[in-house]
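K.L.:
Just so you know, the protein sequences line up as chains A and B, in that order. Everything in the first sequence is counted per our numbering, starting at 1 for the first residue and increasing by one. Everything in the second sequence is counted per our numbering, starting at 1 for the first residue and increasing by one.
Check the hints yourself; a few may be wrong.
Subject to a maximum C-alpha distance of 27 Å in a straight line, what follows is the list of computed DSSO-like cross-link-like pairs (lysine-lysine) [unchecked claim]:
| id | chain 1 | residue 1 | chain 2 | residue 2 |
| --- | --- | --- | --- | --- |
| 1 | B | K207 | B | K129 |
| 2 | A | K31 | B | K168 |
| 3 | B | K168 | A | K33 |
| 4 | A | K33 | B | K129 |
| 5 | B | K129 | A | K31 |
| 6 | B | K143 | A | K31 |
| 7 | B | K143 | A | K33 |
| 8 | B | K233 | B | K270 |
| 9 | B | K207 | B | K168 |
Derived contacts from chain A toward chain B, CB cut-off under 7 Å, selection only [said to hold, decoys possible]:
| id | residue |
| --- | --- |
| 10 | V21 |
| 11 | I105 |
| 12 | F264 |
| 13 | I277 |
Just so you know, these hints were derived from the structure itself, not from any lab. Virtual Cβ for every residue (Gly too), placed ideally from N, Cα, C.
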Amino acid sequence: MPASSPSILQSLGELPEYFQVLYNLVARDLKIKYQRSAMGFLWTLIQPAFMLGIYVVIFGVVLKMGIPNFWAYLIAGLLPFQFLIGATIEGARSVQSNGNLIRKIYFPPEVLVIATVTAKLIEFLLHLAVGIVLLILLHHGPEVRFSLYHALVVLPGAILLLYLFALGLALPLAAWSVIYRDLEHIIALAMTAWVYLTPIFWNLGSVRKHLGSAATWFVLNPAMDIIELFRGPLYYGRWPLNQAVGGGPLAAWGVAIAMGFCFFLGGYALFNRSKGILAEVV
Amino acid sequence: MTQAPPIPTAPPTTAAPPAIECSGVWKQYYFYAHRPRRLKEVFAGGAGPRPRITPGNTSEPVWALRDFHLSVYPGQTVGVVGNNGAGKSTLLKLLSRILQPTRGQLRVRGRTAAIIELGAGFHEELTAKENVYLAGSFLGLRKRQINELYPQIVEFAELGPHMDMPVKYFSSGMHARLGFSIAVSVNPDVLLIDEVLAVGDVGFQAKCKDRIAQFQQGGKAILFVSHDLATVKSLCQRVLWLKEGVTMADGDPVTSINAYLEHYWPGCTKG
Numbered sequence: 001m002p003a004s005s006p007s008i009l010q011s012l013g014e015l016p017e018y019f020q021v022l023y024n025l026v027a028r029d030l031k032i033k034y035q036r037s038a039m040g041f042l043w044t045l046i047q048p049a050f051m052l053g054i055y056v057v058i059f060g061v062v063l064k065m066g067i068p069n070f071w072a073y074l075i076a077g078l079l080p081f082q083f084l085i086g087a088t089i090e091g092a093r094s095v096q097s098n099g100n101l102i103r104k105i106y107f108p109p110e111v112l113v114i115a116t117v118t119a120k121l122i123e124f125l126l127h128l129a130v131g132i133v134l135l136i137l138l139h140h141g142p143e144v145r146f147s148l149y150h151a152l153v154v155l156p157g158a159i160l161l162l163y164l165f166a167l168g169l170a171l172p173l174a175a176w177s178v179i180y181r182d183l184e185h186i187i188a189l190a191m192t193a194w195v196y197l198t199p200i201f202w203n204l205g206s207v208r209k210h211l212g213s214a215a216t217w218f219v220l221n222p223a224m225d226i227i228e229l230f231r232g233p234l235y236y237g238r239w240p241l242n243q244a245v246g247g248g249p250l251a252a253w254g255v256a257i258a259m260g261f262c263f264f265l266g267g268y269a270l271f272n273r274s275k276g277i278l279a280e281v282v
Numbered sequence: 001m002t003q004a005p006p007i008p009t010a011p012p013t014t015a016a017p018p019a020i021e022c023s024g025v026w027k028q029y030y031f032y033a034h035r036p037r038r039l040k041e042v043f044a045g046g047a048g049p050r051p052r053i054t055p056g057n058t059s060e061p062v063w064a065l066r067d068f069h070l071s072v073y074p075g076q077t078v079g080v081v082g083n084n085g086a087g088k089s090t091l092l093k094l095l096s097r098i099l100q101p102t103r104g105q106l107r108v109r110g111r112t113a114a115i116i117e118l119g120a121g122f123h124e125e126l127t128a129k130e131n132v133y134l135a136g137s138f139l140g141l142r143k144r145q146i147n148e149l150y151p152q153i154v155e156f157a158e159l160g161p162h163m164d165m166p167v168k169y170f171s172s173g174m175h176a177r178l179g180f181s182i183a184v185s186v187n188p189d190v191l192l193i194d195e196v197l198a199v200g201d202v203g204f205q206a207k208c209k210d211r212i213a214q215f216q217q218g219g220k221a222i223l224f225v226s227h228d229l230a231t232v233k234s235l236c237q238r239v240l241w242l243k244e245g246v247t248m249a250d251g252d253p254v255t256s257i258n259a260y261l262e263h264y265w266p267g268c269t270k271g
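Bound conformation, chain A alone:
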């Protein structure tokens, strides 16, 4: 097999040449999904709104989680996590399902993964915009409220880190899914478990008395700190805090930045190790 894998720098250097391919693949993804259905892009809003409604009823009304404005708490945490799930699952499939392309034309296969994750990101940004409008209109509590100022400062960085983190997961999983077909099923299960292991429907602060010092282990959940970046401004109306170790905004950003970049660079390096054989295995 190929003697050497390209380095991340070599790979990143080659990518600008394929910007037009990336653009066309993203447009293709979105077009095929929505163009020829009567309600078009509305579907991308209906599905998460429907899920949110169900979760609000189950966890907020029936199970009574004791979180004020539970719907707002869900918007702030679940929307970014749904992007993460969608981007990981669909990104992991992207090389496999575009086998007909990489068997016949040369281009860096990571473009497929990046395109899929980017298409998901665009959907997420739409969801987020609608969510923010709802938060501005309705989220005014005595303890918690939405803050547009904090959101405008925090969200660009938070979205970038979430995007890099999702790419870091999707890239190696996409390559391994080509080689190990069982992986696709394992990913779907793992993502389901991950939603419940991350404080999305519950609040780490309020279960801390049950968990005791074990709550500190949540610092190892790489998704948590990135989600917390969203929840700070969107739900609490303040700077993001690190919930696991009780740290302030600096700790929150530090962990999130470390997770985002480490996962992206590590994931890309792992992808590069298998890159050369994808066209003949897929």
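Given chain A, work out where chain B should sit, using these hints.
P.N.:
For chain B alone, coordinates are given in the frame of chain A:
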């Protein structure tokens, strides 16, 4: 059948470096080196060498290409013939960078357009027009450049009235027309063609051969893989015969093709 235009036989008088250069290229497919594995085998088996799959009972590893050497100079058209599985498509896929060689060096100088399979890069749900832009971007074109090339692509393909139709409703001939038109529109320095003229009708085949002749006169390097030996003879100045990844003959078209035919059907070229 269009006559091959008179082209000086290479290597040319100019000191131009070869457009295609292969030296000591070996290719073994991943499948033959690594058995497809399931996760449970990874956990159960752990490290260590993986069993090799070999056809039949031979312990001989399967090589798609063995110690392959080739230089093609600008202006040369080289035909590649051989039975199925001889390594012809592997060669083109290596040259177009889709595959990586197991050992050895390959080099292609200049812009390369590979027609490995017509319609490659098409998406069935998109319209023909949208597919031109998608396929064009794979060939390294910007949107602006495709805008400029678009009229001539449509004209060459003769698909004017059908460009807004999703290509899933296209016939295989229409696919072929569109794919060939896109590939030749980029004016490549090196053209790799794999058995693609067979799908089009007689009129379109003639048109494609005319276009190939233009490329030859324009000093392009062309590698032409085909089972249509008459076309190979008429288009190429040099023919390579591959058998199980090994070069059996390389030289004058008639000599190579006769050697190929005689090998499998002794006496067929006599009388």
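K.L.:
Run the structure past the numbered hints and jot down the numbers of the failing ones, going up.
P.N.:
Those not satisfied come down to hint 12.
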